[in-house]
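Colleague: The residues making up each chain are set out below.
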Amino acid sequence: MATATQESTTSALGERQTRLEDDALLRGLGQYADDLATTPGTLQAAVLRSPHAHARLVALDAGEALAMPGVHAVLTGADVQRWAAPLPVGVRQPMEHWCLAVDRVRYVGEPVAVVVADSRYLAEDALDAIRADYEVLDAVVATEAAVAGDAPVLHEAVGSNVVNDRSFSYGEPDRAFREAARHVSLKIDYPRNSCTPIECYVVVARYDPADGGYDVAANFQGPFALHSVMARALKVSGAGLRLRTPPDSGGSFGIKQGVLSYVVLMALAARKAGAPVKWVEDRLEHLQAASSATNRVTTIEAAVAEDGRIQGLRYDQLDDCGAYLRAPEPATFYRMHGTLTGAYAVRNLAVRNRVVLTNKTPSGLNRGFGGPQVYFALERLVQHVAVELGLDPLTVILRNLIPADAFPYRAPAGSLLDSGNYHAAVELARTGGGLQELEERRAAARAAGRYYGIGFAAVVEPSISNMGYITTAMTPEERRRAGPKNGAVSTATLTVDPLGSVSVQIASVPQGQGHRTAAAQVVADVLGVPREAVSVHVALDTGKDAWSIASGNYSSRFAGAVAGAVHKAATRARDRLARIAAAQMGADPGDLVFADGRIHDRNDPARSLSFHRAAGAVHWSPGLLPEDEPGGLRETAFWSPPELAAPDDDDRINSSLCYGFVFDYCGVDIDPVTGRVTLDRYVTTHDAGRLLNPDLVDGQIRGGFAQAVGAALYEELAYGDDGSFRSGTLADYLIPTAAEVPEPVILHQETPSPFTPLGAKGVGEGNNMSTPVCIANAVADALGQRDIRLPLTPSRVREMIGITESEPPAAHAAPSIEAPAGGSTLRATGVVELEADADTVYHAMLDPGVLSRIIPGCHALEQDGDNAYRADVTVGVGLIKARFEARVSLTDLDPPHALRLNGAGSSAVGTAEGGAAVRLSPREGGGTQLAYDYQAAVTGKVASVGARMLQGASRVVVDQIFARLRQEVDGPGASAGDRAWGRRFRAWLLRLLGRGGAP
Amino acid sequence: MKPAPFDYVRATTRDEVLTLLAEGSEQVRVLAGGQSLMAVLNMRFAQPGLLVDITAVEELRRIERRGDTLVVGAAVRQAELLAWPGLAETVPLVARALPWVGHYQTRNRGTIGGSLVHADPSAELPLCLATLGGSVVLESRRRRRTVPADDFFQGVLTTAREPDEVLTEVHLPVARPGSRFGFREVAMRHGDFALVALAAEVRGDEAWLGVGGVADRPVVRRMKPGAALADDLDALAWELGGEDDGHASARYRRQLVRELGYTLLTETAP
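These protein sequence lines are chains C and L, in that order. Counting the first sequence from 1 gives a position; my numbering is that position plus 408. Counting the second sequence from 1 gives a position; my numbering is that position plus 3.
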């Protein structure tokens, strides 16, 4: 059949066009998940979460909570076991991940119960009334520690925290290393961080007892392969879980994949409550327990020739996926697997990948997925090769880049790099970004004694994931048994209604990128109508719309795959319309041109038909249509690229369809005193194939760059050694604001992909991969350092520059000055001078009456064994107050010389446990010196949001205890003024020396 | 992140505030802008029975000069003081430090009194009050007392305020002729809590250095510009100690006291 052509004057692909989305968003008319209308009677949910990183859940009593006004139901692990199944996992291991803790908790923030009430306020009131008893277990937090033989094991049935261990060899790595002139290696500890959305998770769930199905609206982003995971966990068929997504998104960056376990959880809560249930995640819940990128420990080694050519690479990677392997993990490894040699023509590669579980929040999709971790190791190594060989880093990069005539290039681990001209892109960057000028600035800065460095990063940015790459985690034998998985089906549906307006339904679940704008451009281009005449619908309903397991918003698949499916559907519709119009016009379909809202005959410009007239015919006058034209105009196109095969028996995997190229460099200026890193200039060069709309592309680059600046300089999800979470607010987890992010110099080169319908590649994630290591390389260059750990905070950078302290004066050598590294244990010492003799002091402490008076806020003290008590204690520091159910005991009694005062308590804001070793010694001239050395550990909400002040606050509480003891034994007249006691004395001394009675 | 139930009174007179505090005592919290308290309530770290909002009490919203003292009402917003004409001449240190207090938006809500009573060891306003040797007025049904900054700040989030007292006035000594002031802060991002904040006053041979963000309260020490300054700063750094936290090490904080302290005092000196 002849094909019509389009010549559009109203919209052209590749032009900069403003976003169709923004008008409504800027006027506050967006439809976010929380804006979706709910049915009357919808109840609100709040989640009780574990304060412990690792504990047995011994008992859960929700009786009091259920009796509270407005509370309808409490969902517990027992309900979940009755109605649901554990979430399916991607590797074969006997570990269970329930959406709600059943008998054990494995990370701080793990859901333990759900309260359903008339309002969120009442639901949170009821949370405080649920009693959960835990038996605390040792936690394992550090990734390498989790691999050690004596580490606490999270999933006992697995028997190890390493839940997947695969080794790969491509080419002849051993020979390459044997024969190479030099070996250069680095060890990298890539931290936990997360591209953080403004909008947190939202779920509105309903259970239909008539058919046993669930209807859930959630800001889930896909991939919709996970719909199967949710349906199986809910023990329903695919049709039994109708999942809808809202039209607008407050950002995702991968994070909204992790809402999947809450879809299951709230579906069950709705079933328990017998009513629709809505849950909106708050910021603390989000930072603590939503999801994050994996942190990774990598040992990377290169076999290098003297000229800098890399002859072989070895990776030994430990990926820390947190407490559970939540689908699609361990995908962080395998998304990048085919591309582990990056932009370089390295043929020999050895890899060992171990997936490790620790007592942290489960990891998941995150913008750049796997790329930041891989490229931080690889590009740091390339910079270090240059240092070791005395070469310029750019020389080493250029000598190793894949040559332009090698494309399509099959990388040793399987990626088929579709197109590119890396050397040309580097040249564009060098000239277009002013590299020489930066080099001059570096020379001038160094001559002036400043720290200035230049860093580079060359990155291959994969897009459009192969749905089969995850099976690389299995052995070839396991894959044969499971059956092949591969491909990346995208879909779009185009409808022309009786008035000739065009609507498009896509299953790409956009999260702010502007899919509506780009899809409208594609359709307008094909049909020759103004893009404003095209409505693009992005809210997905699995019960009604076309979708596939690959649907969703991830792996930068829109421009290559989804826009391609839109183009395919629009082209089909156009070809049908051409035949219909040709019959009406008496023309040949091949001669028809779609432009300016009309269909023209190219041979006779006078002959034309309006688009809406031709389109209307299929609805109003089907009897007049050509033969075999069925009428109606709705085209659903599916598209899947043949290049995405399953992993082969040698574990080669083409993990993505498209591979863009990013080449970055930057100059950083470091303040020698504060250690602050300032980006002097950042140049980022992208080849993402054909650009559909450069404005949208630049928006993606700026957004990814901003998050990458965060990863490089500010962001880390911090944990204490005990697994307590330490980054629970946006004052602790620092996201750069507009003031901290400079405008990068953005350069484009376009080498179309031969594998996508429009020649476009994905572009959403490149800077998340390239920028952290580019900045790190610049800092390494500035400071001459080898080991660079992110984030490069001023303190960390200044420590690298060097701090030489004198020995502390004797009076300040007490351990109170330093908290232990990791910061999970609070520790301090103090001395109190007492007038009473040691016997009096000692016996006072053993007296329950005295004890109840010296423990601040002690309401009731009941004997609970020898020198053991239960108490109700309200601890207050400043405006913060928490009521603890506490156990207090006195142990290690050595009258009247020493004892140990222990306390442990739990409250709705967290738990605290600690002890003070107390020593009494006689003072010269009478009286007693009491010395104490306490350690305490705090976990739960208070540790998540109060880390900055915990040490100081614990000191306030402990000081109160011993100050009150002094008043007990020495009488109320005892005051601090004439006695020296530890830190308070120093404060007093400083006041005397300082501004006490000043001007 | 929803607060537990509480009652709320928007007081209009000082008497009303004092009466409510006298009756409710421990159960009452004063709301003076809410830039810390609201977050604490939402986290349920405090569950007071009654919030007494003092921001509508006219008597507490005045800024006036009384002799050598600038008297700032407790409920004066940080943005209002920053916009007060003559601030830079009257209390130059405060004029320099206030832009570092949070962000434009938080300064529109946050009050001078609220920041002082909260006593965050990293906060700028407590540091200014201590460095200038200012004082606060605490009032209750029982008494009215003036407490110097050094006695007022007692530790992390801890002050000399009794449960039935409300801070009503802040007394800032007016800059004397010949005094020079300097302020430096290092924070992760602009508007974040200070990793280290330094405030200096130099007058003739005399100099005072105030340090926030290192010890559990702002600490002020008389310094002698000259040969021994580096040693004095080293001693001060060790005395302050500092803590490691997620954003900076104690060592780093001490080093900034030494190096930035030196620079600031040198720059501030005539």
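Since the hints were made in silico from the structure, they are not lab data. The beta-carbon is built from N, C-alpha and C at its ideal position, and this holds for glycine as well. Among the hints, erroneous ones may be present.
Ranges between beta-carbon positions, derived for each pair [claimed, not checked]:
#1 L:Thr16 x C:Glu472: 54 to 60 Å
#2 L:Leu85 x C:Ala1146: 42 to 48 Å
#3 C:Ala1339 x L:Glu165: 27 to 33 Å
#4 C:Glu1243 x L:Ala42: 39 to 45 Å
#5 L:Ala231 x C:Ala1339: 30 to 36 Å
Facing chain C, from chain L, some residues (calculated, C-beta under 10 Å) [to be verified]:
#6 Val159
#7 Val199
#8 Trp241
Colleague: Confirm or reject each hint.
Modeller: Structure-based check of all given hints:
Range check, Thr16 (chain L) to Glu472 (chain C): Cβ separation about 41 Å, and the 54 to 60 Å hint is violated. Range check, Leu85 (chain L) to Ala1146 (chain C): Cβ separation about 22 Å, and the 42 to 48 Å hint is violated. Range check, Ala1339 (chain C) to Glu165 (chain L): Cβ separation about 31 Å, and the 27 to 33 Å hint holds. A hinted range of 39 to 45 Å for the beta carbons of Glu1243 (chain C) and Ala42 (chain L) is consistent with their spacing of about 43 Å.
At roughly 33 Å, the beta carbons of Ala231 (chain L) and Ala1339 (chain C) sit within the given window of 30 to 36 Å. For Val159 (chain L), the shortest C-beta to C-beta distance to chain C is roughly 3 Å, which falls under 10 Å, so the interface hint holds. A cut of 10 Å between beta carbons decides the hint on Val199 (chain L): the least distance to chain C is about 9 Å, and the hint holds. At about 5 Å, the closest approach between the beta carbon of Trp241 (chain L) and any beta carbon in chain C falls short of 10 Å, and the interface hint on this residue holds.
Figure legend: structure checked against the earlier numbered hints; hints not met, in rising order: 1 and 2.
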